[in-house]
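S.K.: Listed here are the chains, written in short residue letters.
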Amino acid sequence: MTAAPALSVRNLTTTFDLGASRVAAVRDVSFDVMPGEVLGLVGESGSGKSVTLRSLTRLLPSGAEVSGQVIWQGRNLVGLAPKDLRKVRGGEISMIFQEPATALNPVLPIRVQIEENLRAHTTLDRAGRRRRSQELLDLVGIPDAARRLDEYPHQFSGGMRQRAMIAIALASAPRLLLADEPTTALDVTIQDQILNLILDLRDELGMSVVLVTHDLGVIAQTCDRMAVMYAGRIVEEGGVSPVLGHPAHAYTLGLLGSVPQAGTERTVLRSIEGTPPALSAIPPGCAFAPRCVFATDICRTRAPELVGTTEGHAAACHHSAMVRHQLGVSA
Amino acid sequence: MTDLPADVPADAPARSARRRALPAALIGGTVILGLSLILAVFPSVFAPYDPLAFDYGAILQPPSPAHPMGTDNFGRDILSRVIHAYTIDMQIAVLGTIFPFVFGTAVGAIVGYLGGFAETIFGRIVDVVITFPFLVLVIAIVSVLGPGLANMYIAVGLVGWVFYGRIVAAEVKVQKQLDYADAGRVMGYTHSRIVFRHLLPNSITPAIVYWMTDMALIILLGSSLGYLGLGAQPPAAEWGVQIAEGKNFMTTAWWIAVFPGAAIVITGLGFSLLGDGLAEVLRARR
Amino acid sequence: MRARLRPRFPKCTNVRAPRVMLEYVLRRILQLIPTLLFILVVVFALVRLLPGDPASAVLGDRALDADVERINRELGLDQPIPVQFVLFVKSFVTGDLGNSIALKVPVSTLILERLPVTMMLTFMAAVFAVATSVPLAFLAALRRGRATDTVIRSGFQVGLSMPVFFVGLVLLTVFGARLRWFPVGGYGEGFFDHVYHLILPSITLALSLSAVLMRNLRSAVINVLDADYVAFAESKGLRSGIILFRHILRNALISTLAIFGLSIGTLLGGAVITESVFAVPGAGRLMVDSIYGRDYPVVQGLTVALAVLVSLTFLTTDLIQAWLDPRLKK
Amino acid sequence: MKTISLTAVSVAALFAVTLAAEAQERGGVMTYGRYADSLFLDPVLNDANVDIWILSNMYDTLLLPSADGKGVEPGLATEWSVADDAMSVTLTLRDGIKFSDGTPITVEDVVWSLDRARNPDNGIWNFLLASVASVEAPDDKTVKLVLSQPDPAIEAALTVFNAAIMPKAAFEAMPGDTDAAKAEAFAKAPIGSGPFVLTSWDRGSKMELVRNEYYWAEGADGKPLPYLDGLTFEVIPDDATRILRLQSGEIDGAELIPFSRVNELDAAPGINMELFPSTRVQYVTLNVRPEIAGKENPLSDPKVREAMNYAANKMAIIQVVTYGVGTPMQTFMSSATPLAASNGPLYPYDLDKAKALIAESGYPDGFSTSILVLAGNQDEIGIATALQQMWSQIGVKLEILQVDNATRTQEYRDGTFDMRAAAWTNDIADPGQITSYFAYSPTIDALHSGWKSDEVDTLFVASQSEIDPKVRAEQYARIQEIFNTTGPTVPLYETPYPVALQDSVHGFVQIPLGNNIFRETWLEK
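Residue numbers (the working numbering), protein chains in the order written: chain A, 1 to 331; chain B, 1 to 286; chain C, 1 to 330; chain D, 1 to 525.
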């Protein structure tokens, strides 16, 4: 508990150029990821969770600007020279994507896509890269690795593709894996396999994971800690069981309301009444206020600070006490 | 499967950024083509002279206040001819390409989806059409039907569609591999629904981009055929024919060819902006 | 090329791959035969459907009926068309394309003289078009929506919209007559002189081709830039050169290649005006002269020769496309 | 009178020689830009101007046309005489003449060549020698042409390209079974006796000729012609490029300059814009059959044709199409043709008269008709565009149809056209050829117009064997009068041959028949 965090994000803000104006997709986000920890980032579409993830290594379209601090291995990745950043990307921090069918280059065999990673970040020679590629496919559970290495993505099934992508991402033994909705595009049974694979690999390789999802079930199954994002901000964070067991933010509560408490079928977030605000028109005060059943005048005028409620659990809600009380009633 | 749309990575702001940027191309293209359309429909309102009226007293006059674009070897006012040519040239651009675009795209989508035997047959047809000398075809059609623009449409129609067909077929073939097409099949959609509602919208962008280029190219083809005497018939004002007429005066009376040429450039720019704009809209929708 | 190829072809299929390729090529060439036969029939019928006959076309306005009849008899054109066709196919199969009616030389000689000129012209035009359109399409796509993009696109649009004879004349005037960098038309003697003479004409020809390529490639690159696999490649910390060439260019080229093949195909048969303006003795001019002259044997022979050439171009672009995109391999 | 003019001529000649002796320079290769390549270099079997106009540089004839195109000069024959009964011509061969391969030219070659030229199965020019019954060689210096009827044009006919003398032995040694097959082989590297010899030929691109060492004629400096070491024909189809190459100095001369560029080049320094007198006439042919394709034909009404003639403003057309280079026609044949009438321009523009005539005609409210023009030919398009506008003044609605040459020829020969633009150039310095095609109906129905005048037909037949120049002149005067007033054409203008040369080029002529004569051409260094 006292160990230094592997990744420390402070006041991360990401803005996009809209020609006439700029909007902030991520506002003043701070969190830590401990070594070996799996942190879940959860939120609705457009909440900024994916942008947050991509901002960490600045994988953003041109016109995007990142400010704040992303402290990794004692260096601030925000403002790191492109050349140094390139070493971090793939070598120390890897990323996997939601849709393996589009994230794998369709015209290159898997081998090339793994080996280019090894080539960029390791000193392995050709034979070494070959061997390592095969080991990686074995590692992620792709049978007949030697043969499949020379196949193209379209020759793989959906789950195998995701495994291949993980193998590629993990090729150079990164210390941190950023997983952007890694299971959304997969069948339910395959989802479990992939999530278990990620957890196994975390243990095996001793890395940290930041997992972006909109699926609270995935969070519950996989993560150690979680952060809930809404309109570009973290509105609640903490250990998975405290947050899910005693949500302190009305939004989290709303999200939980959509998850069947019992039953094996995992579903995604049910919509809460209304829609998230447009990034260019975020209301003053609490951004969630217009959709919140607890909202009072203060919510519409003053933005709540993220404050600790219990040990390692914080929420940005003026009415967190009321929310915490509410759960027992509604459940 | 999902109630909420899955969060597309890093996309929400980037996408809206593009949505804000695309009107520039779209608006530009639409404005140019809108103005062109107005000129095409009401040429007489804007043209100062009768485009066909000779004036032996004003032969080969350089641009002046009386004739802002000068006059040709018959003393005809170039400005008026350029304006009146909008009627014919907008017609050429649209009529000459609409059939190839629609037919070629449809055929290409079907061929790309079916693959196999259909693709083989299509390949043979493409070979025949493309390898057959275009000029033999044009001259044959002109000889059988008599000279005029309609023949150009027919000749271009016979040949042009295979370009769209090949572009779309290649694209559909790739799209077909993606999961959503499988999903469509699994969900029991009809073939035509999969092709035209799912595969085509995702494959049509390059065809549209090519189409807009094609519209400028076909006006130029009119010019080339005018050079060979197979396009619009004199004395009709048409840019291609005007440029062909001005060819011998390039050193002595540049204005005969240059202004119609500028009209082609501007109109072509309109089409290409529109094409880019449409392509961006389609991409953003995807 | 070889070195780059190797890692991409699977080891276990390495033995099979060339054979599969060879079979594919052979199959395509066999498929060509019915295509050519069909083209042959069509062109044979079509030239005979055209009003006018070789005799009156060659003899012109002054021909007397007796002269026309005599010459048509000499050419065997008084026979029924099916008979003519059988005779034509017979000699065609033996490799005899007949003699030109107007030029009185074997059609095969004419084709061997003229077609290489056109091939070289087209090839050089293709090289210029690719050399200009690929980098500029990239630049435009990467700077999309900015001034660079606008300038590049407008530049190509202007190029695209200028008639060939206008461009040709301007190039000839400026770089030929004024600056004396290039000859004012003609074809020269010897290979390097030919290349030198063909530089301006191939630039002229490349202009519209490169504009078409540029626009399609730019659009394709923009599509690819948005693709996840580019982001994934970036997340791997690859050098931008690798991302550009291995991940972006290759994918973007695939859809553009279809257009490229078709455009090259039409260029081969249709560079008439360029050939006229630059006084290059190519196949396009021969074709037009022969159509106008109703020189049936030349039109027939040249059509078939061009068809073979264009088909081989398609085959080549298809092979490249299949090489670039494994999904297209059957 | 005769003596005086003769003296004047010889004085002028002497003067020219003295001057020239110092001026002419020898050597160099002249490059001449042509609009199209030749097709077939056989004097008898060729069909086109692209061949005809350069053949005389490779093949020589017994007699040569004079520079004005109206007379004849000695060629391979030094002397010739027509028998008193006009039933034979006797010619004496020049001493020591040789073909370009060095073999001597014999009477046998001459007899064989002329027999080949007049054979009705050979080519389309044999009619020029139709009056020849047989060719004989009384001795090895003399050739005698026996005629079947008197032929006033026989001397002129012997200057025409098809009467060129070819080497019999070399020709017959060619591979092939037929005359045509041998000709095809022979024409690739012809052996003749003209001032130049073809040495290489890149079809569609370039022809290279070198001087014929055995050419008989002497230059002003007393040495054998030609002055040039060689002659290169470059094919440059595009008008603008041809001019540009001339301006850049890459070629020494360029033919067929578009009229729109004549004034510009005339003013250009270093360039000599020549307008050589020609026999070229530009006109519109009208189909005058009572019906065309089953429909009533207004053009069959002579009043209509007259009205259209008066409504056509030739001076305006000359201005907009030829930029003032052309001149109005005075008869249907060019003024450079022997016996051409010269009574002032035909049908001077008179719109009122045209309107009156159309009102009197069977079509007072006008009618619609069409004109065939050659696709892409700006001159013809210009003419048709101008006529369209002019004739609309008298209610004639003209549709312009651009068609290719073969299509037009077919419609022409079938007599299914309404009108067509056309041009004509004589091949022989005699009015017989043009009159036969234009006015004498048995040849081609008077330009395939269906026009027929019994009087013209009779007069023409008579004139073809009339050896009294005065009588023949009267016959031609009448033929022209009839044709010009009632004929099936709208005569427009005659134009010279516009040739642009570098200032350094001297002694080049294009004679009125179109032949490009390089034998006395020299380059100033």
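In short, the hints are calculated from the structure, not lab data. It should be emphasised that the depicted structure is a prediction, and the values quoted were computed from it without experimental measurement. Possibly wrong hints are sitting among the right ones.
What the hints assert, rightly or not - Taking lysine-lysine pairs in the BS3-like style, the calculated list, with each CA pair at most 30 Å apart, reads:
no., chain 1, residue 1, chain 2, residue 2
1, C, Lys-104, D, Lys-182
2, D, Lys-397, D, Lys-295
3, D, Lys-182, D, Lys-70
4, D, Lys-295, D, Lys-353
5, D, Lys-353, D, Lys-470
6, D, Lys-295, D, Lys-188
7, C, Lys-90, D, Lys-188
8, D, Lys-353, D, Lys-303
9, D, Lys-188, C, Lys-104
10, D, Lys-144, D, Lys-168
11, D, Lys-182, D, Lys-168
12, D, Lys-470, D, Lys-452
13, D, Lys-525, D, Lys-470
14, C, Lys-104, D, Lys-168
15, D, Lys-141, C, Lys-90
16, D, Lys-223, D, Lys-168
17, D, Lys-98, C, Lys-104
18, D, Lys-182, D, Lys-144
S.K.: I'd like to know which numbered hints this structure contradicts. Please list them from smallest to largest.
M.R.: When the structure is compared with the hints, numbers 3, 5, 6, 13 and 15 turn out to be violated.
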